[in-house]
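Visitor: Now for the letters of each chain:
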Amino acid sequence: MKNKNKKDLRLAFTILKCELQLNFPIWLVQIILTGSIMLFLLMICLTANSNSSPLVPFFYLYNSSGADIFQSFFSVFLTLISSVFSIIYIAKSLSYLYNKRKLDMYGSMPITRRCFFNSKVFSSFVMSVMVFTAYAVISIVIGIFTGAKFENTEIQNLILFYFFTFFNISLYSLCSVCSKSIVNAIISLYIIEYFLPNLIILIKYIFVGFFNGINPVFIPDKLITNIFSILNGNLIYIVIWFIMGALFLLLCNFIIKKRNPENTKCIFVMPLLEYAIKIILTLFMGLFIGLITGAFTQDNGFTGFIAGFVIVSIATYIIIHIIYNSGFKKLIKNSIVLLALIMVSLVFIWFCNANPMNLNNTVPNKEDIVSAGVIDIEYNYQGPQYRDINYNSILNSANDFTDDKYIDKIISLHNNVKNMQINYNTADKCRISLMKMFTGTETSAIIDMVNEYDYYEDGIIISYKYKNGLVNSYYYSNECQYNVNSDYYIYDSPVNLLDSENINKLRAELSISEKYREKYRPFFTDPDNVISIDIFNIYDMSDENVHSCGISKYTDEFKTENKLFNKFYKDLSEALKEDLKNDNKSEENNNPYIPTVYYENNYSYDVESSYPSDDNNKNTKSKFMVIFNFDAEGIYSIHDTYYIPESYTNTINVLKERGVINDDLSIKY
Amino acid sequence: MIKIKNLVKTFDKTIALNNFNLTINEGSIIGLVGSNGSGKSTLLRTVTGVYIQDSGNIFINDKLSFENNEFKGKSYFIPDFPFYYGKSTIEIHASYLRKIYPNWSDEIYNKLLNIFSLDPKKKILYMSKGMQRQASLLLAFSTQPKYLFLDEIFDGLDPVIRQVVKKLIINNVIQNNMTAVIASHNLRELEDLCDRIILIHKGELVLDKDIDDMKESFCKVQIAFSDAEKKPVTFENLNIFRKVQNGSLYTLTVHGERNETISVLKAMNPVFIEVLPLTLEESFISEMENINYDIKNILSE
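Protein sequence lines correspond, in order, to chains A and B.
Numbering of the first sequence is given in this note's numbering, commencing with residue 1 and proceeding in unit increments.
Numbering of the second sequence is given in this note's numbering, commencing with residue 1 and proceeding in unit increments.
Hints are computed from structural coordinates only; laboratory data are not their basis.
Model, not experiment: these values are computed from the prediction.
Note that the Cβ used here is the ideal one computed from N, Cα and C, for glycine as well.
Take these hints with a grain of salt, some might be off.
The list that follows gives simulated cross-link-like pairs (lysine to aspartate or glutamate, EDC-like), each with its CA atoms no further than 20 Å apart [said to hold, decoys possible]:
(1) K100(A) / E152(B)
(2) K257(A) / D54(B)
(3) K99(B) / D8(A)
(4) K329(A) / D12(B)
(5) K581(A) / D404(A)
Only part of the chain A face toward chain B is listed, based on derived beta-carbon distances under 7 Å [unchecked claim]:
(6) T14
(7) C18
(8) D104
Part of the chain A face toward chain B, derived, beta carbon under 8 Å [stated by the list, open to error]:
(9) L11
(10) L22
(11) R101
(12) K102
(13) L103
(14) M105
(15) G107
(16) S108
(17) M109
(18) P110
(19) I111
(20) T112
(21) R113
(22) K258
(23) N260
For reference, chain B alone in the conformation it holds in the complex (with noise of 0.2 Å):
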């Protein structure tokens, strides 16, 4: 378990890092957003021994993580733009990682070189973007991680290879129990991989929820009354969060457990009902904008 408590981090005089707190369960797959410069990157640096923290502490298992080898041994980190060592191939960088990582395996490496369709010989300097995240990727997997940090990961990866990355760390969390802690801008990417979301901004956590709750706390509903146009419908038993009118026609998304939102509008006498699905932005800006916080400057997408 990862244990983040009162953790500061400052850039000369900019704070990256507020008082953070956070706890991220074995196991699990976390997703990290906010907008640019929000401290997603420095989280994560910070988290694998990268950065010092200013003041705070991270625990790893009751363990601090700073200069914990044992810590480092079992994580993994991949930058936004990983460093490759001038003309080197992936080769190359294994034979160090495999010196360097106790858990290093071959089996993992070769496998992922077939899955990957990557040349080991090849100068990872040459290869594109894409290509040098799948490197870095198979590199990662193959020591093994318990602890996996990934920095906007899915960037110049084509959909196959985004599918078969979230099938790889999905397949790690469920095998070995591994965790991840993935930042990213874009929501919808981290929508069927994260169990959780985290959201920053200007250095302090803004947010944290499980994704089924944050779903499960907002429904959306298309609702039709018969007389709607000349008489609006007041929904005073609802807590509703969003009110489009139609016409007859209303959307809305309603604050509160779906079954119990939906027996309360049927009570009304609508003449069409249906349930819309919720998109995990849509539950997440419903979600922001519930405790009063402007979405639009938070979010950079």
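Isolated chain A, as found in the complex (with noise of 0.2 Å):
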């Protein structure tokens, strides 16, 4: 048996080095085309003037050197090449599965089909990740010489290839074997990680269109999403990817010892991927048709959107069936399987629409709650640079309130979401997944500095602690989506579930309590890297008078000038800390509904943005807005806005000491 184990061994060897051989001309390539992507961004990196330079923004993302930019876009590229190139190993690897020739040839070779199938796999592996770590190392030495920091993450990219590229080998082993073409092997595998994750994002926007409430950021879909994106991988996905990964091989060793590809004429030698493919295929063309179906017929959306999901499953199943067997063989006897997947999912349409256990749709009793939190989207603040509401948080919020009056206030608030939805019908639920799903919505949306469309998200995230331990949470949103030059809508949400007077005023007061903005208001949690404060006038807007005033911290040199800055911004600060407190005790909320902590960037931020609507105006009693800027470390400017009633005594005598505003609450020019 040992001796048996060491002549296998020595076989494996002898083909790895032959293929190692054979492969050298793509090696030479990927060496050559790897090697001039590294001179030219080392090129552009290092030369990069700091103030014309396109790269000005990445120098203050990485608050870094030209030479960390080059290592962190280097890294990408690299992973990018090398992945595609690990696919062109192993197709060309395990092309003799297709060449009649070559398993003639490599078939009665004096070696086991698993050993021959597992040496040309392990020969890919090597080949990939031989030139990733060669790159790897040489660009963290031109790093390291050329000044750029060293990071861990360096070494965790080279974790994460290693094992997303074993995932990979062995994803396209199994396509392979299954295949009976190497365009077969990669399209399928191109089907599998492509249209699986989009099928789980669609399943996911289902549910949060169709149960509206359920908070997406609870559902688990980014485990499998991610699993096919080495980019967006973390050390969690190093076991997820060994274990698929080895799952695979061990699948593919059990069917290329039985592989018989001349006994069929079906392009798949085993029927599993076949099915595999026309599941993902069928459902995902199904459920997103059937969506558009359902979503354009107002009146009865549910039909249509079993109308839209069955024609197009059963024509998109008939289809594959032909293309892959060249012909309606066999298509009857497959037919169960679609079948049967209409039938399931047809099943799980009408208990989406119909919700029978009233899945994420209760609001509880305030009996059973210890604690209740709600973060709003526009009037939070979790960090300089992203306003990033993660799973901790959204769990975190549900602490925040357990006096009854602002738990009642979020009962309320919720109760009046809640209302707000008894209309919706099936094409508002098709609408709202779809136009989730598009949006990419989610309640840790980055601002996208670089596209020209901003995304503004209108949205609420209610999370209640129960007597029991458990936290629930509940989001709900309107969506828009605005071209930032022009200031015009592109879209809007398909029906405006925040949208009404009591809801707006009870946000208002829940983001004005000293509890909420304590904890997601810059002004609060962040005070040290307040830039500059402005100062506007409210009611001057429509005759084009704005009155305002700015005051700014200067650059380090210019003590004499920060030192005043610094005192004013210490009395207008206290000054209005206190006015807020004291208006929390007062029963009527000063505060119009209005966005109050503002992300924009490249510092235009638009002050427009801040005016309380011609609704809003009327409930307020506010005279004037102090907005507080802060460095978000270049990238974005952020603004919390408060706006200043005449209750607000403390800081308009400080204004007024200071000369800021006139005796009337107008702001002197």
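Could you use the hints to bring the two separately framed chains together as a complex?
Guide: Structural data, given as structure tokens:
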């Protein structure tokens, strides 16, 4: 037995050496291509002038030098190129499976099918990893010599690549042994790696659209979607990639021994992959088109959804079957799978639409909860760079309010939102699913600084902590997307779930509450980062006489000026905090409902965005607003706006003393 | 010894080998004949482990042949269209096989390079069909196979090289007790090489006979009688397989032992009698007709 293993190992090593020799031309292409990109990036990054270069935002983003940016950029390019080449290596190595002449040669060689197959897979892995490792090390060395910081992420990237490549190569191998041609294997891989994550996303957003209030953060779609992308991977995925890769290889080893490509006329050797592809594509096309037909049949959305789903599913399945089997052979026999698929899907669609278990649609009783919280997407600040509302911050928010007054407000807000969705029909749900899917709505949305379309999300996350310790979270939103250049809305939410006077009032009351502002507003959580303060008169907007005044921090050398700024800021913030405290005690809320924590790219803050609309103006007694501008490491400006009514005497006095406002509360020029 | 038991191999709905049984003794040269699509190549591929049978078994010295590295290390298969790496040379192929086949012999390799006059550094793909065949044979013999499986190996070889190849095969059988299985359309190629002929038709074994036995079981005789034109002769005591009369001269193909047949014919007082040589093809056709097979439809040539 030992001798046999030794022999197999020796043969495997021989094949590995031969493969390396035979694949040398491809190796060379990869080395030259990667090397050229490395030199190009190196040249651009190291010679970039920090004032005029288009890389300026990246200098800020990474808070680092050209060498650091080179390393970050090259790491991405290297990963992508190496991933593509890993597929080329494995595709070439396993091409013997489809070549009758190669099979004659390899099949009759004194090496078992499994050993030969595994040697080929292993050699592809070695080839993929070698070039990647070499260039990764070179880039680290270049980085060190050009002054980049050495970070653990470099090593992490290496490990991620090894495991992802193992996973990717194993998955391709599985597609390969199940297929009868290299083209089919590659297409199958693409379908699995592209359409499967999209199918998961589609199902996720059907949940989100149909069970309004469900929190997308709590749907574990990322677990599957990120598996297929190394760029989204983290160390947790190493375990997943390893286990999945090993499973795929085990399956391959089982199949390869029994593989009988000559026995079938279908383009698949094993029906396993054929069914997997058919199911993925049929479900994806059926559900996607079903949502579209559902969304366009306003009065009868459910029928539209079902009709669209059934027709497109059947058509997709038959078309794929015809392509794969070069005709209608075995279609009747195969239709059992289609029938089962449609039946299961119909039950799923019915379940989503009817919501028989009233899933995620219950406002809890006050007696059942110990605390509650609200995160308002537009009144929220989680850090200097991103308004990143993650799983933990949502769970944490359930502890925010324990006093009855605010719990009542939260339950009232929740009831109000729920009442807004009473008139939802299936067509609306379909439209919400589609819209959320295309906007990629997440509570952890990162502002798109490169895209000219900015994304504006208006939403709230309500969380409750129950007496039994469980936390339940609900997410409601309106979304819209607008073109930052022309300020017109591209589309609006199909149903304005949050657009009611009551809801606006409650949101404003909650967001101005002491607890909320101390946790989620930068003026309280990040006071040292204020770089300037603006004071705007609210009512002068209509006659184009914008009365405003601002005071900014200067660079470090202007010590006297900065002393003045610091003094002004200190006095103003103390006064405002005092006024806000008093305001919370009064029964009447003085704040209008408009976004107060505002993110903007390229310092292009448009003050109009912070002005209350006409509707809101009716409710506000504010005369002017104070905007605190924050440093967001040069990428965005973040603004925290406070509306100052006449009752905010402390603030008004400070501003009067400094000569910012007149006695009639108008702003001095 | 190779023992094939109830072998079945199908391609989709086509039955390539149907309940096929065969035993091949060590040190024998077997000729595998049959028309296109009869199952010859499939049999070779299944025995060598390229294909997996649907059912049945192949035993090599009582051990299953599939995934049997010991057997594969001692066997070599040259298919009808062998594979050569893109732009590789004989030398590159040799370096690959040298590491994989345990009995590789550089001495034989170098010797055969001289015999075939092949340039080991020339790219195989640029060689003529005949030279490519020679390259395959060169590599095959260098592995010192105990079992050699050849599919249409004589295609494209010139008469001189054919004889060299035949001699090489025979020498290997004599010296190393090698077993060779050669699939071919051409019976004439196999006549002076094989000691046994197997005919496959539609995946079934139709005939399995030693060439000597086959030749000896028939004899061809020209015989003339003085008054045969007026009074046709009846050969009642003989198993006449074919009879052609030309005047008083008969050409007979008789099924039976040669000496016995001659003595019976001599007893009929012919004016002339002569035993003619019977080719393998004629014996084969006679044998096939004897077992009521329409040979013209079976053999393509």
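Visitor: Hints first: check each against the structure and report whether it holds.
Guide: Quick rundown of the hints versus the structure:
1. Between K100(A) and E152(B) the alpha-carbon distance is near 16 Å, which keeps this suggested pair within the 20 Å criterion.
2. Distance check on the hinted pair: K257(A) and D54(B) sit about 13 Å apart at the alpha-carbon level, within 20 Å; holds.
3. Distance check on the hinted pair: K99(B) and D8(A) sit about 12 Å apart at the alpha-carbon level, within 20 Å; holds.
4. Note on K329(A) and D12(B): the hinted pairing holds, with a Cα-Cα distance of about 12 Å set against a maximum of 20 Å.
5. Simply put, K581(A) and D404(A) have alpha-carbon atoms about 18 Å apart, close enough for the 20 Å limit, and the pair holds.
6. Hint status for T14(A): holds, given a least beta-carbon distance of 4 Å to chain B, under 7 Å.
7. This hint holds: C18(A) has a C-beta 5 Å from the nearest C-beta of chain B, less than the 7 Å allowed.
8. For D104(A), the shortest C-beta to C-beta distance to chain B is roughly 4 Å, which falls under 7 Å, so the interface hint holds.
9. With 8 Å as the threshold, the beta carbon of L11(A) comes within range of chain B, its nearest partner Cβ sitting at about 6 Å, so the hint holds.
10. With a cut of 8 Å, the hint placing L22(A) at the interface with chain B holds, because the nearest CB-to-CB distance is about 6 Å.
11. The criterion of a C-beta within 8 Å of any C-beta in chain B is met by R101(A), whose closest approach is roughly 4 Å, and the hint holds.
12. Restraint check, K102(A) versus chain B: the minimum CB separation of about 5 Å is within 8 Å; hint holds.
13. For L103(A), the interface hint holds, the least distance from its beta-carbon to any beta-carbon of chain B being 6 Å, beneath 8 Å.
14. Below 8 Å, beta-carbon pairs count as interface contacts, and M105(A) has one with chain B at about 4 Å; its hint therefore holds.
15. This hint holds: G107(A) has a C-beta 3 Å from the nearest C-beta of chain B, less than the 8 Å allowed.
16. Annotation: S108(A) was flagged as interfacial toward chain B, and the flag holds, the nearest CB pair being 4 Å apart, inside 8 Å.
17. A least Cβ separation of about 6 Å between M109(A) and chain B falls short of the 8 Å threshold, and the interface hint therefore holds.
18. At its closest, the beta carbon of P110(A) sits 4 Å from a beta carbon of chain B; the interface hint therefore holds under the 8 Å criterion.
19. For I111(A), the interface hint holds, the least distance from its beta-carbon to any beta-carbon of chain B being 7 Å, beneath 8 Å.
20. Taken as an interface hint, T112(A) checks out: its beta carbon lies about 5 Å from the nearest beta carbon of chain B, inside 8 Å.
21. The closest approach between the C-beta of R113(A) and any C-beta of chain B is roughly 7 Å, which is under the 8 Å cut-off, so the hint is satisfied.
22. The closest approach between the C-beta of K258(A) and any C-beta of chain B is roughly 7 Å, which is under the 8 Å cut-off, so the hint is satisfied.
23. For N260(A), the suggested interface contact is upheld, since its CB lies about 6 Å from the closest CB of chain B, less than 8 Å.
Going through the hint list in order, the structure satisfies each hint without exception.
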